[in-house]
Structures are given as structure tokens and as C-alpha cells.
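Protein chains: 2
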Amino acid sequence: MTGEELLLMIPGPVPLLPRIREAMSRPMIYHRGEEFGEMYREIVDGLKWIFQTKNDLFVMSGSGTCAMEAAVGNLLRTDTPAVCIVNGKFGERLVEIGHRYSTNVRAVEFEWGGSIELDAVKAAMDEVQPQVVTMVHNETSTGILNPAEAIAKLAREYDALFVLDCITSIGGYNVPIDQWGVDIAITGSQKCLGAPPGISAISISDRAWALMEANSSRRPYYMDLIAYRDSYDKFQTPYTPALPLFFALHEALEVIREEGMVKRIERHRLLADTVRNAIDAMGLSLFPKLNEVSEYSNTVTAVNVPEWLDDASLRAGMRERGVMVAGGQGRLKGRIFRIATMGNITEREVSRTIQALDSTLKEHR
Amino acid sequence: MTGEELLLMIPGPVPLLPRIREAMSRPMIYHRGEEFGEMYREIVDGLKWIFQTKNDLFVMSGSGTCAMEAAVGNLLRTDTPAVCIVNGKFGERLVEIGHRYSTNVRAVEFEWGGSIELDAVKAAMDEVQPQVVTMVHNETSTGILNPAEAIAKLAREYDALFVLDCITSIGGYNVPIDQWGVDIAITGSQKCLGAPPGISAISISDRAWALMEANSSRRPYYMDLIAYRDSYDKFQTPYTPALPLFFALHEALEVIREEGMVKRIERHRLLADTVRNAIDAMGLSLFPKLNEVSEYSNTVTAVNVPEWLDDASLRAGMRERGVMVAGGQGRLKGRIFRIATMGNITEREVSRTIQALDSTLKEHR
Numbered sequence: 001m002t003g004e005e006l007l008l009m010i011p012g013p014v015p016l017l018p019r020i021r022e023a024m025s026r027p028m029i030y031h032r033g034e035e036f037g038e039m040y041r042e043i044v045d046g047l048k049w050i051f052q053t054k055n056d057l058f059v060m061s062g063s064g065t066c067a068m069e070a071a072v073g074n075l076l077r078t079d080t081p082a083v084c085i086v087n088g089k090f091g092e093r094l095v096e097i098g099h100r101y102s103t104n105v106r107a108v109e110f111e112w113g114g115s116i117e118l119d120a121v122k123a124a125m126d127e128v129q130p131q132v133v134t135m136v137h138n139e140t141s142t143g144i145l146n147p148a149e150a151i152a153k154l155a156r157e158y159d160a161l162f163v164l165d166c167i168t169s170i171g172g173y174n175v176p177i178d179q180w181g182v183d184i185a186i187t188g189s190q191k192c193l194g195a196p197p198g199i200s201a202i203s204i205s206d207r208a209w210a211l212m213e214a215n216s217s218r219r220p221y222y223m224d225l226i227a228y229r230d231s232y233d234k235f236q237t238p239y240t241p242a243l244p245l246f247f248a249l250h251e252a253l254e255v256i257r258e259e260g261m262v263k264r265i266e267r268h269r270l271l272a273d274t275v276r277n278a279i280d281a282m283g284l285s286l287f288p289k290l291n292e293v294s295e296y297s298n299t300v301t302a303v304n305v306p307e308w309l310d311d312a313s314l315r316a317g318m319r320e321r322g323v324m325v326a327g328g329q330g331r332l333k334g335r336i337f338r339i340a341t342m343g344n345i346t347e348r349e350v351s352r353t354i355q356a357l358d359s360t361l362k363e364h365r
Numbered sequence: 001m002t003g004e005e006l007l008l009m010i011p012g013p014v015p016l017l018p019r020i021r022e023a024m025s026r027p028m029i030y031h032r033g034e035e036f037g038e039m040y041r042e043i044v045d046g047l048k049w050i051f052q053t054k055n056d057l058f059v060m061s062g063s064g065t066c067a068m069e070a071a072v073g074n075l076l077r078t079d080t081p082a083v084c085i086v087n088g089k090f091g092e093r094l095v096e097i098g099h100r101y102s103t104n105v106r107a108v109e110f111e112w113g114g115s116i117e118l119d120a121v122k123a124a125m126d127e128v129q130p131q132v133v134t135m136v137h138n139e140t141s142t143g144i145l146n147p148a149e150a151i152a153k154l155a156r157e158y159d160a161l162f163v164l165d166c167i168t169s170i171g172g173y174n175v176p177i178d179q180w181g182v183d184i185a186i187t188g189s190q191k192c193l194g195a196p197p198g199i200s201a202i203s204i205s206d207r208a209w210a211l212m213e214a215n216s217s218r219r220p221y222y223m224d225l226i227a228y229r230d231s232y233d234k235f236q237t238p239y240t241p242a243l244p245l246f247f248a249l250h251e252a253l254e255v256i257r258e259e260g261m262v263k264r265i266e267r268h269r270l271l272a273d274t275v276r277n278a279i280d281a282m283g284l285s286l287f288p289k290l291n292e293v294s295e296y297s298n299t300v301t302a303v304n305v306p307e308w309l310d311d312a313s314l315r316a317g318m319r320e321r322g323v324m325v326a327g328g329q330g331r332l333k334g335r336i337f338r339i340a341t342m343g344n345i346t347e348r349e350v351s352r353t354i355q356a357l358d359s360t361l362k363e364h365r
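Here the protein sequences line up with chains A and B, keeping their order. For the record, in the first sequence the residue sitting at position 139 is 139 according to my numbering, with numbers rising by one throughout. For the record, in the second sequence the residue sitting at position 151 is 151 according to my numbering, with numbers rising by one throughout.
Since no wrong hints were added, every one of them can be taken at face value.
In silico contact screen, one side only, chain B against chain A (beta carbon under 10 Å); selected entries:
1. Pro13
2. Thr65
3. Cys66
4. Gly188
5. Ile199
6. Thr237
Quick caveat, the hints were computed from the structure, so don't treat them as lab data. Backbone N, C-alpha and C define an ideal beta-carbon position, used for all residues, glycine too.
One chain only, chain A, in its complex shape (with noise of 0.2 Å):
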């Protein structure tokens, strides 16, 4: 971080290490030949370490809305029985992508920044029977980590292939995707790995492959993921992949072995107790509300905006201090702000972003 510019707190896009950015400045290579083959391979084996996976791993030339579409587009047909699990604006865009594939999608609410109870999901899952169960694991509108190792668990029971959203949680906790049996994860570039927006990734597991082999007419095309797989026998990807954003992302996976997964997890860890902590000692007040299934997040902290304070004003002061954090979103803007906590970020920019929303607090209060 150079601290000159905006400090970005926000959940994505993260504020991106010099060498990260500069790897984007390289000359242009042809996206079929061997140097980028070599490149694609060791971002993706680097990626299969830090999923914990053996299952085959693509990157896609999208966002992350690019990747949760490849996963529920290419296992959902017409009326596939799905189960999407909702508490929070992620969860809710996982049902709208399989409402446009399937007709069998049952959304399990709860309310944006609760827990998820077990048995409401049971419930739902004996009624619908589903093919296909999916979960955010770290739900980025709200600060809560919601428990992905006991609905893995629940969906094998039911048989039921299991798609998991890592968008922010991949990178920054310990997501050991084969031990919990994940057939679907997917993450995105430009959180807790720390690279630039613009690509995602997406792991398949052999349960996951079979449905999606029988879904012959009606997976997407540019997010197809047996042309992902069938172009990687020769370490390509089907369609021109964004080079510089993978040469970028091929950097910040070396940040990340520099760095090694347990001392990466455990700052993040550290960092979002610090902002935690902060919060409370300056009398404010986190946003969700926990059971024992759930944890608050420890890639972005969700803060209620204080009564005696409006949204604005405090995203404003802050902003007025160097600092950006996000607002709330959906039904929770003007309610929520939330200070991110990912990617290559240090006790440093943490600091300095408590000390803005000290300094705004006591300017209003």
C-alpha cells in the first residue's frame, strides 16, 4: 500500500500491492501458447492449495456473479429440486441466478444478518429433496460466517450436491473444500486474495460433473464448464482470457505462498478482532446476530450506524480522512456500514481506519 490514494476498506475491490499492480504493465502474450499454459497452471494449482481441493479448478475471465452463475447454471435444468439458503443479499442473488434455470428453486430465508438454523434447512430439504444445495459461506452484506462444514454435511445426507460461495471467505480462512465436501466453490479475485477485480475461480467435484454431463441443452456457453475443462487438457482457457488480471493474480498467489496459508488466516483473524474490539471500545455495536452455528466474520465486520448519527455523514467523515468503508446494502443501507478486513491488508491501514472513525464519531457526537 502506498497510502497516498483513498484507503479502501470495502469489500472488494482491496487495496492492491505494488508488485501486484505492476505485474498488469507486462507485455501482451498469446493466450494459446506456453508461457501463458505455464502461467494458467500454476494459478491454478496455486489456487487447488488454498481450496484444499483435488477436485479440477478453473479461472474464469468474469467477476465472481460470473462464477455463481457457471455454478448453478450448468447444474440446474429446467426443474432441478434446489435448495438456496438466504440470509443475506449474496444468498438472494444465488436464488435469483437458479430461478432463471430452474422452476424447483425453494429460497430458505432468514433475516439478513441472522444465523441460519438447522432445522428450518432440514425442513425445507425433506419437502423439496434436492439436487442441489447452495450457501454463501461468508455472507459479505452482513459480517457473518455462516456454517458451511454442517450444511456440507446436511446435503450429503440428502444426497445432494453442495455449492458453496467463497467469494470472501477463500484466501482468508482455513476452507478445507475436499474434507468438508464441497462439490462447488467459487471465489473471487479481488477480496481476501488480495489480486484486481475482473476474474474468478471455480472448483468441480466428480458428483458435481456427472449432473452437469446430464444437463446437456441448457448450460450457458461463455460459462460453460466442460469447455473450461476440456480446454485445460492443453492449460487453455475456451475463450480470450483477460491476461493482465491473470498475470496479477498470478503475483498475489506468490504474495499468498510468501506468506503461508496459517499466518494469512490468523492476520486476517487478528485484523478483524482488532476492528472488533475497536467497535466496542468506542461504544458502537455489530450488526448480526449470532447463534451457535455462527461467527462473525473475520473478512468484513458489519457495524450498526449509531441512532445518534446518520450513514452518510459518517461514511463522509470518514472518507474526509483518507478512509473508504462500504455502506450497508439492499434492505440495510443507511442501517450497516462495514469495515473490510482482506487481502493483503495490514495492522497499518487497520489503525488508520479506526482512528477515522473515532476521529468522525467524536467530531458529531
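Take the given structure of chain A and dock chain B to it, following the hints.
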């Protein structure tokens, strides 16, 4: 161009001017803020100027194929009648995409590298009574410029929407979208615009919007053009944009503005002429078979591999001499090679290419 790296004379990704590469190493910005909004609006206005259109226009974070699917996928419902004109790989791709969305897609096929015959198109249109007609303007796979104006006129006579893939024409050709009456036009960043790969642009006429709005249930999600239109009210994209590629495209459009479109089109024509004359002088032959409605492409020249030399040796020889040209795709693999003259290529790069080809031929003859 620096001249140090391998010279990419392939039809995308094209070599990037240093100022366009460097634009990507800027720090990240908030993608819902004013700074992004202003940049996005300038990009859209610049592209509308190049497209010569007053239609809505958006930039998608995905390659040209993403925009191709956006065009077809938003228009076609389960059984929408469509005629797709094919005389090369990319025309075929539009058919493949069409089949994912409608059971009533008729491919009107001509020889790859052969011209489009208006009577055959008319006959198919009489039979199918299409709501949508698709064609590739500049068929990158064969080096042929297809008769866009004539087909646009025909589509209008049949009251069908006209989708024109201008991925390798816009930015290097005069393509007056509104004058011709093209309902959806698309282009890619990494071709004649001279920007890096990974984003694409699409323009949509009022008639096209009307058909899309009637297609409520089946539209793709990531490439839902109505979501793009809604977000553009605030100069935003519906999902996180590939920021570094937007920075680069913004700079690439500035380069185009400085050169001027008239000069730019003339430069593309002159460079292609130089290549064609050199091919002739070296005793080689151009691949496409032309009739009165077709032309050799000014952005990519397809050349028959001479009988006395194999394609692999030819391209390897050129590569040893620092120049990469493209091979044939699909059924043309091994039969042709292709020299692109797109983007910000100058006489200098064209000379280097011709010298490398000449020297390679002399070595093997």
C-alpha cells in the same frame, strides 16, 4: 511497441502501447463511486462515437464471447425463430450459442472463407421468418469482410432484429451502426481498439430492448442487459467491473481520439494493403474466395500455406525471427495462416512481419 518482446501479429490480443499497459498499474478505486462513474461514462461516450450510434451501449467484464452470448441470450426465448449466417468459426459460434437458447435456430452456412450469398440468406428468411438475424462482420477466422449493410437492410425488410458481431471490425473500419440499422453490435477490447483482453462492448437499439423486455424468464444473469441498463442510470455496472481493464480501455480510447477515426481506418486499410501486396510479391495467395458483396479484411489477412511448406515450420520460422502470426482455426488448421493488422500496429511492425515471412520462405524454399 517496445520491439523487445515477441511481436504479436495475431488477431488479438494485440500488442499494447506502453501508456495503455501502464494505465493498468493505477491503484484500485471504489467501483460505485464518482471517479469510476465518470470514467465509465467517458468510455461509453467514446465507444458510441466509434460505433456511430445513439443506442444504449455498455461495457461487460468478459471477453467478446461474453458479449456474443449477451446479444443472443437476451433476445432468444425457447423457440424464437432466428437465422444465423455462417462462413467461419465465429459465425458458427453464434449458432452454437443460439442453440442453447432456442430450438428454432437456422444456420445458413457457406464455405469457410467463402462469400455470403444474399439469395441463399433470403431463401432461409422466407422459410424461417426470423425475429433475429445474426452475422459476423469481419470473420477473423478467414480474413473476410461480410456485407453488413446489405444484410441489415434485408433483416429490416423481414422485420427481424439484426445482431452484428463487430469484434474485429469496430475500431479499424467505418461501421456506422445507426445508419446501417444494426440492432445489436458488439466488439472486444483486445482487437482494433488496441486495449488488453477481458472486456467487451455491446450496443442495443430500442427495437432490441422491446424483444428483451418480453423475454422475462430466460435471460442470462451475469450478462442480463436490462440489469446493465438499470445500473447505467448511476454510471455503474451491475456487478464488479474489471477495473484495470477499464483503465486501459479508457486510455486506448484516448489514443483513438488523438489519432482520429478517419486516419485510423485509413491506416488499417494501408497496412492490410501492404501485407496483401507483399503476399502477392512473395508468390503466396490469399485464402478468401470473394464475390461482389465481400471484401478482403483490412484487420486480418488469411494466407494459404504454400504446398511446399508446412504450417508448423512456417510459423516456427517466423517466431524464431521474433514475429508471431496465427494459424488456421478448426477445419482450417494447417491450411492457412493469418496476419493481423489491428489496433495500434504501424508500418514498422508490418515491415518486420513481412521481412520475417520472406526470410522464412527463403530458408525453406
